[in-house]
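Residue numbers (this note's numbering), protein chains in the order written: chain L, 1 to 611; chain F, 612 to 831.
Be aware that one or more of the hints could be misleading.
Quick list of the computed label-pair ranges, beta carbon to beta carbon [as the list claims (entries may be wrong)]: (1) A593/L - S613/F: 37 to 43 Å; (2) I26/L - S613/F: 55 to 61 Å; (3) Q434/L - H650/F: 46 to 52 Å; (4) E711/F - Y405/L: 38 to 44 Å; (5) P332/L - S613/F: 17 to 23 Å; (6) P710/F - P332/L: 28 to 34 Å; (7) G606/L - S613/F: 41 to 47 Å; (8) N520/L - G760/F: 39 to 45 Å; (9) D738/F - H255/L: 24 to 30 Å; (10) H659/F - C595/L: 41 to 47 Å; (11) Q725/F - D32/L: 32 to 38 Å; (12) L664/F - Q434/L: 52 to 58 Å.
To be clear, the hints were calculated from the coordinates, so they are not data collected in a lab. Idealized CB from N, CA, C, for every residue including glycine.
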Amino acid sequence: MDKKLERILQRVQKPARYVGGEYNSIVKDKKDVDMRIAFCFPDTYEIGMSNIGLRILYGVYNSVDGIWCERVFAPWSDMEAEMRAAGIPLYALESGDPIKDFDMIAFSLGYEMAYTTILNMLDLAGLPVRSKDRHGLTPIVIAGGTCCYNPEPLAAFIDLFIIGEGEQVNIEVAELYRQAKKDGLTKEAFLKKAAQIDGVYIPSFYNVEFSQDGTISGITPRDGAPEKVTKRIVEDFDTSFFPVNDIVPSTEIVHDRISLELFRGCIRGCRFCQAGYVYRPVRSRSVDRLVNQAKSALTNSGYEEITLASLSSSDYRGLGDLCDGLLEWTEPRKISLALPSLRADNFSISLMEKVQKVRKSGLTFAPEAGTQRMRDVINKNVTEDDILNTARTAFEGGWNSVKLYFMLGLPTETDDDVVAIAELAEKVLYTWRQYAQNKSRGVRITVSTSCFIPKAHTPFQWEAQDTMEEYARKVALLRSSIRSKAITYNWHSPETSYAEAILSRGDRRLGDVLETVWQNGGRLESWSEFFSLDRWLDAMTQHSLSPDFYTHRERSLDEIMPWSVISDGVLENHLKKERTAAYAGMITPDCRAKCTGCGANTLVKGLKCDE
Amino acid sequence: MSSYRAEFSKTGTARYMSHLDLMRTMQRVFIRGGLSIKHTQGFNPHPHMVFALPLSVGCDSVCELMDFELLDDEAPEKIKAVLNKTFPDGIKVLSVYKPERKFKDIVWLAVEGQYEYDSGIDDEKLDALEAFYGREQIIITRKTKRGFGDADIRPNIYSLTLKREAPDTVRIDAVIAAQNPSLNPEHLVNALRQLAPELAPDFALFKRKAFLDKDLHIFK
Ligand code: SF4
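Construct the entire structure; sequences and hints are all you get.
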């Protein structure tokens, strides 16, 4: 180990996250390797190692001979200060080598508040943060992940974006790079070729023009870059790579367990939910395959916990069989099975009864809105009866704590909708009074609200976000409407939601803002201790941009969106129809009940949704 | 059901794992190897593993001891081989055997330390260092369960020798109290920082070499 590093590690918090050496981490012989990739996660080790996408792509990249993919995480502030003081550049965990000299630096973008961390990591690596200031072919800085559905705020910093699922396209890009390196191509020449790969977006090949009012007047591709970049999905999800021989961290991470990926996409079509749109269509793995993957992953890792990772696990067709298959194996081995993201229905409750024999502490529902009208607007197809019936079954079964999640600031929301959240919570409490098995232990009902953020590629992408004042007023209203002491109310601070809203629908002019925020100390901003809204507002002022232009402005339906080059396979017309339906309070059946022709089924030839 | 003791080393990158990290890792290594370890009884059963004396983060060791019981008897050599297959870097089982003595018989701990002085260490400084550890009393302030307290650590040092290994490095070989009370080797440096800062090294690294009983015989 590097001597300078050894000294630093004695002084920083949780040094184990900076040294690698974990079981199953991949170390290749450098002489067998002609391409080195630094897979960078712009957050801490504990968060990044909990990310299933990172684990999949790590496995996929390293399965290719000659490519060595290593992991890089953002250092915590104490470690960053020590590294800067000692002149230690950002290094990869497996080899300890500085990533500056790697061929490719690949960022995973999961949430907007990590953007400044990306700039900080590039700088810590010793690289210019702006794409135009990095001249050579090495390193190429790429990014993938959910945030790339609106890549524009990062357009100035990232050389190449990958849109959609990375299993295949990441390898295509890597292979093209290897060839380019052999042929001695320039960065520009490589990018030109890469732009021809489906699912690749090279921001520097698009000229974006703005009108006087700040909206976009035109986007023009150059050098043969495509007018539309459509997301990639794996051709066959069932048989696609799942890491069953995965890294086992030596120190505790956030999700310290095996996560089984049942399916991708979601049949539901909640209108506020970006994931529900951009991961379309639903594609599942078979029960047998999942049970086998679970067995191998558990045996190979030694983990004693497994969880189901999908957007809405209850919608997995074979959920009952899957749980039986898993329990048969996990129970005798004292391995616990966790079932998150279940819907509030009785089938799910009976399943949880079966699975969680001992601990019956917390149940979580996400009705998202208080009235049926509001739930119809957002297409959250759950009724009050569903919620109360499930609560009844749960209370009868011995549960005594329920968490309810809601959003404030949804389109068309009135004060009645806000007050109804309190009423719904009171009804859940009343249900407990009527049906609880054992009242002596009391009941805890928690209501949480977050501030609705309109997201790109959803039917609400044209909507205005509530102002922070309006959100605060609604929070106060809801607070005063909750009377019972058994109900606790938590609300998210609207400040991060505001900053997130600026970025999530932002254009490339925000690049200057991002750089200024970072220069003024912004990094690790998904951690509240490092976030400052004022820093963002100051930077917006400095660059003569108005935050409200991005957050509180309702877009006209014919406005050119900053992300309009990017397609997730869903037709814009479908989003418009859904928007109209929302305003009419009409629900849309889920994909399983009836296909409403969103277009995502055309992403891969011969694809059948939800099979 | 049989009891076993494993002697293992924890060095290099593994030195940064906490005791809790180590316990979790051991638990998983047994599962990966298909060895069924006995669990504790009770509401929340967990694998029953007993470590001789917890090792602090940042300290190497080549003499850690861990007791466990297996539901099915296995040859110690086989257990050792199975465990060594799936450790993270820096952990290695050195031997597995049936324990004959109890951990409470451990009295002393042999440690080795490297003190690094960036501007070098001359004879004068080395002598001063020697004299320092030879004092009658070495009273330092240290964190206790109830805030800070003063303690004389001199009685907890059985022996200590110093040797200059390089112009900027001094090697310490010491036998210090292992338990009741124990002396964290870090306090050998803390003592310098508090009482003779001019002698404190720029960097120090310790390694546990052996557990000893009251007669200074190696405890296994
Ligand atoms: S094509 Fe139809 S079934 Fe497939 S995701 Fe779109 S709406 Fe759902």
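Consistency of the hints with the structure:
no., hint, verdict
1, A593/L - S613/F: 37 to 43 Å, "violated (59 Å)"
2, I26/L - S613/F: 55 to 61 Å, "violated (36 Å)"
3, Q434/L - H650/F: 46 to 52 Å, "violated (40 Å)"
4, E711/F - Y405/L: 38 to 44 Å, "violated (58 Å)"
5, P332/L - S613/F: 17 to 23 Å, "holds (22 Å)"
6, P710/F - P332/L: 28 to 34 Å, "holds (29 Å)"
7, G606/L - S613/F: 41 to 47 Å, "violated (59 Å)"
8, N520/L - G760/F: 39 to 45 Å, "holds (43 Å)"
9, D738/F - H255/L: 24 to 30 Å, "violated (55 Å)"
10, H659/F - C595/L: 41 to 47 Å, "violated (55 Å)"
11, Q725/F - D32/L: 32 to 38 Å, "holds (35 Å)"
12, L664/F - Q434/L: 52 to 58 Å, "holds (56 Å)"
When held up to the earlier numbered hints, the structure conflicts with 1, 2, 3, 4, 7, 9 and 10 and fits the remainder.
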